[in-house]
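Colleague: Sequence:
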Amino acid sequence: MNSAKGNLAYFREPLELSLQETFSVNAPATFFVDVVLPLYLPKLFTYRIPESMVEEVVVGKRVAVQFGKGKVYTAIVFEVHSRVPSDYEAKYLQAVVDEHPLVSDIQIQFWKWMAEYYLCSLGEVMLAALPSGLRLESETRIVLRNADEINYTELTDKEYLIVEALEVQKELTVKHVSHILEIKNVYQVIRSLFLKEIIWVKEELVQTYKPKKVECVRLAAAYQQDEAMNILMQLLEKKAPKQVDLLLGFWQLSRVGNAITKSELMKQTGCTAAVIKSMVEKGIFESYTQTTDRLKAEDNIPETFDLNEEQQAACDTILNDFAWQGVNTETKPVLLHGITSSGKTHVYVRMIEECLKRDKQVLYLLPEIALTGQIVKRLRKYFGSRVMVSHSKFNENERVEIWNRLSDGKIDIIIGARSAIFLPFNKLGLIIVDEEHENSYKQQEPAPRYHARDAALVLAKMHEARVLLGSATPSMETYYNALQGRYGLALLAQRFGGVSVPIIELADTAYERKVQSLKLNFTKKLLDEMEHALENGKQVILFQNRRGFVPLMECATCGTIPKCQHCDISLTWHKYNNTLKCHYCGYREDMTGTCKACGNHDLKLKGFGTEKIEEDLTTLMPNARIARLDSETTRSKKGHEKIIGDLEDKKTDILIGTQMVSKGLDFENVTLVGIMNADQLLHFPDFRANERSFQMLIQVAGRAGRRATQGKVIIQTALPSHPILQLVIEHNYVGFFHHELKERERFHYPPFYRVIRIMLKSKDQHILNEASEEYGNLLRTKLGSRMLGPELPIISRIQDYYQKQILVKLEREGTSFASLKKFIKQQTETILGKHKKLIIIADVDPY
Numbered sequence: 086m087n088s089a090k091g092n093l094a095y096f097r098e099p100l101e102l103s104l105q106e107t108f109s110v111n112a113p114a115t116f117f118v119d120v121v122l123p124l125y126l127p128k129l130f131t132y133r134i135p136e137s138m139v140e141e142v143v144v145g146k147r148v149a150v151q152f153g154k155g156k157v158y159t160a161i162v163f164e165v166h167s168r169v170p171s172d173y174e175a176k177y178l179q180a181v182v183d184e185h186p187l188v189s190d191i192q193i194q195f196w197k198w199m200a201e202y203y204l205c206s207l208g209e210v211m212l213a214a215l216p217s218g219l220r221l222e223s224e225t226r227i228v229l230r231n232a233d234e235i236n237y238t239e240l241t242d243k244e245y246l247i248v249e250a251l252e253v254q255k256e257l258t259v260k261h262v263s264h265i266l267e268i269k270n271v272y273q274v275i276r277s278l279f280l281k282e283i284i285w286v287k288e289e290l291v292q293t294y295k296p297k298k299v300e301c302v303r304l305a306a307a308y309q310q311d312e313a314m315n316i317l318m319q320l321l322e323k324k325a326p327k328q329v330d331l332l333l334g335f336w337q338l339s340r341v342g343n344a345i346t347k348s349e350l351m352k353q354t355g356c357t358a359a360v361i362k363s364m365v366e367k368g369i370f371e372s373y374t375q376t377t378d379r380l381k382a383e384d385n386i387p388e389t390f391d392l393n394e395e396q397q398a399a400c401d402t403i404l405n406d407f408a409w410q411g412v413n414t415e416t417k418p419v420l421l422h423g424i425t426s427s428g429k430t431h432v433y434v435r436m437i438e439e440c441l442k443r444d445k446q447v448l449y450l451l452p453e454i455a456l457t458g459q460i461v462k463r464l465r466k467y468f469g470s471r472v473m474v475s476h477s478k479f480n481e482n483e484r485v486e487i488w489n490r491l492s493d494g495k496i497d498i499i500i501g502a503r504s505a506i507f508l509p510f511n512k513l514g515l516i517i518v519d520e521e522h523e524n525s526y527k528q529q530e531p532a533p534r535y536h537a538r539d540a541a542l543v544l545a546k547m548h549e550a551r552v553l554l555g556s557a558t559p560s561m562e563t564y565y566n567a568l569q570g571r572y573g574l575a576l577l578a579q580r581f582g583g584v585s586v587p588i589i590e591l592a593d594t595a596y597e598r599k600v601q602s603l604k605l606n607f608t609k610k611l612l613d614e615m616e617h618a619l620e621n622g623k624q625v626i627l628f629q630n631r632r633g634f635v636p637l638m639e640c641a642t643c644g645t646i647p648k649c650q651h652c653d654i655s656l657t658w659h660k661y662n663n664t665l666k667c668h669y670c671g672y673r674e675d676m677t678g679t680c681k682a683c684g685n686h687d688l689k690l691k692g693f694g695t696e697k698i699e700e701d702l703t704t705l706m707p708n709a710r711i712a713r714l715d716s717e718t719t720r721s722k723k724g725h726e727k728i729i730g731d732l733e734d735k736k737t738d739i740l741i742g743t744q745m746v747s748k749g750l751d752f753e754n755v756t757l758v759g760i761m762n763a764d765q766l767l768h769f770p771d772f773r774a775n776e777r778s779f780q781m782l783i784q785v786a787g788r789a790g791r792r793a794t795q796g797k798v799i800i801q802t803a804l805p806s807h808p809i810l811q812l813v814i815e816h817n818y819v820g821f822f823h824h825e826l827k828e829r830e831r832f833h834y835p836p837f838y839r840v841i842r843i844m845l846k847s848k849d850q851h852i853l854n855e856a857s858e859e860y861g862n863l864l865r866t867k868l869g870s871r872m873l874g875p876e877l878p879i880i881s882r883i884q885d886y887y888q889k890q891i892l893v894k895l896e897r898e899g900t901s902f903a904s905l906k907k908f909i910k911q912q913t914e915t916i917l918g919k920h921k922k923l924i925i926i927a928d929v930d931p932y
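Quick note on the numbering used here: the sequence shown kicks off at 86 and runs consecutively.
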C-alpha cells in the first residue's frame, strides 16, 4: 500500500513567506520535475529536485510541494527533466511520499488524453481520478514558542483564549482556533500572535485514510500444548462452563486458519465480551489488533449455465472480433445489440471467463448505482469473491482500499459506475459497458466532463484490452459505427426462454380527460390493468421521470408561480417535508399555502411527480403495498438495495420510480409497466429528445414480462399518433434509427458532426453580455457558420450566475478536431484574461 511517510512538518516565517530555507539555496539544480497539482491550473508547475532525492523521484509517485502562500500539497510526478523554467524560480520538492508509483504510466497518459480531449486541466482530472484519501493536503497548526516568556498583559481577549488553549492542548489546528473564537476568519489573530513571537506556525501533511483495525484473540503460548490444554479444560469444566464453550468455539474457528476476531468468537459461541475479557486477564487468551479489509466478498461454488443457439452465435461473433478465436488478427470494439431480456448477461459472463483465462482484469461499467446490487449478485454466482464493487456511495477509506487492492493485482473483476475508469488496472483485458446508450455515463459537473463509454474505448486501446458495448437501444453513434464496420455487431433478437416481447398499448389522456374518465392522473385503461395484475398476484412498475409532488404551483388569483431566488426556474413542491425546492441549486423554502404576491390561499397544482403518484395510489388502491424509487428515497448507502430487494422478495406490489427503474433491472413477477406521461419526454428541447424518448420507453417497457408470462405496457399520452410512439409500439429500433438519422444529417448533429457547447457565466449581466459578444466574434473568425450563438439557454440564470451559450458543430470528416479545440482554448484564455469575473465552461460531446 502507498502511504505517506509520517507527517511532513516545518516551521515558517509569517504566513505570506515561502520556505526556501528547508533546503540549501545553493543545492545543485540539475534535475527538475513537472507535477500535477489537485487544482485548476492551465499548465503544469515545475519544481527543483534536491540532489538527495534524485533517485527517488519517479513518474507517478506523489511528492510534497509548497504552492502559494505556504500551502503544501501532494502532487503527482508527470515528467522528470533538466529544463529550467523561464517564467519563475522553481522551488524545491519537500518530500517524496511514496516508495512506489501510485499512478501508472498508462494512467498518466489517460489523464493527459482526457484533459486534452475534454478541454480541462490535468489537475481537474486528478481530482476526479484519485480518492480524496490519497490526495494529502497540509493542515495549518500552531504551537507555543516559550510559555515562560509570555506577557499576558499584552494579549487581546481573543489572543488570551488561544494561548490558554495551547497551554492545555499543546497544539491547535486553524479549525480548532475558529471553533474556540467562534469566528471564521482567524488568520489575523494567528498572525498577531506570530509577530509577538508567542507561537510557531507549521504545516503538516494529513493522511486522511485510516486502515480498519479489529480486535483479535489467540491462545497464550502456555496453553498451545495439548497436555496444558487438557488440564485447563478439566479445571474450567466445573467452575466456568461458559469459558469451556468459548474455548470449543475458538478451536472450531481456528481450523480455518485465519485470525479470530472477538466479534466472530462472540457470534460463534454466544458468549459476551466480559467472558473473553476474563480469559484474557487469566492469561489464557492474548488480545491484539489486526488490520483488515473493509470490503469483503465470500467465495461460493460457481453456478453453470448453457447458452442457447442465438447466444452462442453472439459469443462466436464477439470472440472473432476480439481476435480471441477465429480468423481475425485485428481487434475492434463490439456492440451486443440484444432486445430487453434476451440474456445479454450470460454473454457477458462468457466473455469474462475468456478474459480471466488470459489472466487479465475485467471492468464492468454500469450507468447507475441502482443496478449494481442485482448485477453483483448475478456475477458472484459465477465468480465469487473475485468480484468487487466500486461506486460513489463508498466512503473514502473504502475507495482507498479498492484502489490499493486493484493496484496490487488482488481484484480480477470490478463492477462500477463511470468513475471506475480511473482505477489503477495493471492487466486490464476487457471493458464491458452495459446499457451503453445511457446518458448517466456522461459527467456533467464538475470537470472533466467526460463520457465513460467514449473514455473506456481510449483506455482499452492503451491497455490493448477489448471493449464490449451492450444495449437493447444503442446510441445513434454506436449503432452507426457498427453499421460502418468500425465496431463489430452481435445480435440477440429473441427474449431468453422464448418469452414474447411485451404488448405495448397507448392510453389517450386527452380523450379520457374529455369524457371525464381520468382519475387522479390515471387513465381507466391503466387502472383496470393494474387491478387485474394485482388480483393475479403480479407486480407493477409505474414510471414518471419527475420527482417531488408537483413541479408547478400557480396562484389562481394573480398567476404568480414560486420561483427560486438564485435560478430562473420554478420551485417543486415536496409534500413529505412540505418544502418548495429548486432541483438545480438546492434552494428551498417552507410551503406556507399562501401566495407571496397577493396573499391568496387558492393555489393550483400543475403536473405531478413520483411523490404525487404515490399519494394518489394510496387513495385509489389502499390495500396495495407501494414503494417509491427516486433520489429522495435512495440517499443512504443501502437505499437502492433495500427498495429493489423488497420488490424481488414480493414485499412490494407497486413500485413507482424515475429513470432508475428503466436501467437493466430484472424482476420475474412484474407483468405490467405503466408510463405516466410520455409527452414530457417527447417535448424536451434537445436534439436527442426523440432518441432519449425511444430508449427510455423501450427500456422501461422491457421490465415487464421477463419470465414465463408475456408482459403488458400502458403508455399514457395526449399524442397517440406521434411517430416515435408508433415505433415504440412496434419495438422497431432499426426503423427509429433510420428515421432519426436523416434528421441528424440534415441539421448537422452526431453521428455526422461533433458538438462542443460553450457556456459563459457571470454574476454581472453586463459583463456577460459584453464578454459573450466579444468571445463570439473571436471564435467566428475561424469557425464561421459552424457556431451558433451566443444566445440565452432555456434557463438563463443558475445559482446567481447569468449564462449564455455557444454551440459549435464540427464535421467529423476533413476537419482537424484537435486544432479547432486548441483554437477555442486560446480564445478562451484571451477573454478570461480581459474579464476576470467571467467563467467559461467548454463541454465536448455535451449531450
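Everything labelled a hint here was simulated from the structure, so no lab data went into it. Because the structure is a prediction, the values reported are computed rather than measured. Even glycine gets a Cβ: it sits at the ideal position worked out from N, Cα and C. Don't take every hint at face value.
[To be verified] In the EDC-like style, the derived pairs of lysine to aspartate or glutamate whose C-alpha atoms are separated by at most 16 Å in a straight line are:
id	residue 1	residue 2
1	K846	E896
2	K648	E674
3	K281	D311
4	K610	E597
5	K689	D653
6	K919	D849
7	K527	E855
8	K922	E855
9	K921	E825
10	K906	E896
11	K910	D849
[Unchecked claim] Ranges of calculated distance between the beta carbons of each label pair, as one might list FRET restraints:
id	residue 1	residue 2	range
12	Y932	H686	41 to 47 Å
13	K154	T664	28 to 34 Å
14	E394	G671	48 to 54 Å
15	A175	K919	42 to 48 Å
16	G671	K919	42 to 48 Å
17	L917	E140	53 to 59 Å
18	D764	N685	25 to 31 Å
19	K735	T664	29 to 35 Å
20	T664	D233	40 to 46 Å
21	P170	L917	19 to 25 Å
22	E140	S277	41 to 47 Å
23	N708	Y596	47 to 53 Å
24	C683	N662	22 to 28 Å
Colleague: It remains to establish, for every hint, whether it holds in the given structure.
Modeller: Going down the list of hints, with the structure as the test:
no., hint, in the structure
1, K846 / E896, "violated, 27 Å"
2, K648 / E674, "holds, 10 Å"
3, K281 / D311, "violated, 70 Å"
4, K610 / E597, "holds, 10 Å"
5, K689 / D653, "violated, 20 Å"
6, K919 / D849, "holds, 15 Å"
7, K527 / E855, "violated, 31 Å"
8, K922 / E855, "holds, 12 Å"
9, K921 / E825, "violated, 42 Å"
10, K906 / E896, "holds, 13 Å"
11, K910 / D849, "violated, 23 Å"
12, Y932 / H686: 41 to 47 Å, "holds, 42 Å"
13, K154 / T664: 28 to 34 Å, "violated, 41 Å"
14, E394 / G671: 48 to 54 Å, "holds, 52 Å"
15, A175 / K919: 42 to 48 Å, "violated, 29 Å"
16, G671 / K919: 42 to 48 Å, "violated, 32 Å"
17, L917 / E140: 53 to 59 Å, "violated, 40 Å"
18, D764 / N685: 25 to 31 Å, "holds, 30 Å"
19, K735 / T664: 29 to 35 Å, "holds, 34 Å"
20, T664 / D233: 40 to 46 Å, "violated, 57 Å"
21, P170 / L917: 19 to 25 Å, "holds, 22 Å"
22, E140 / S277: 41 to 47 Å, "holds, 44 Å"
23, N708 / Y596: 47 to 53 Å, "violated, 29 Å"
24, C683 / N662: 22 to 28 Å, "holds, 26 Å"
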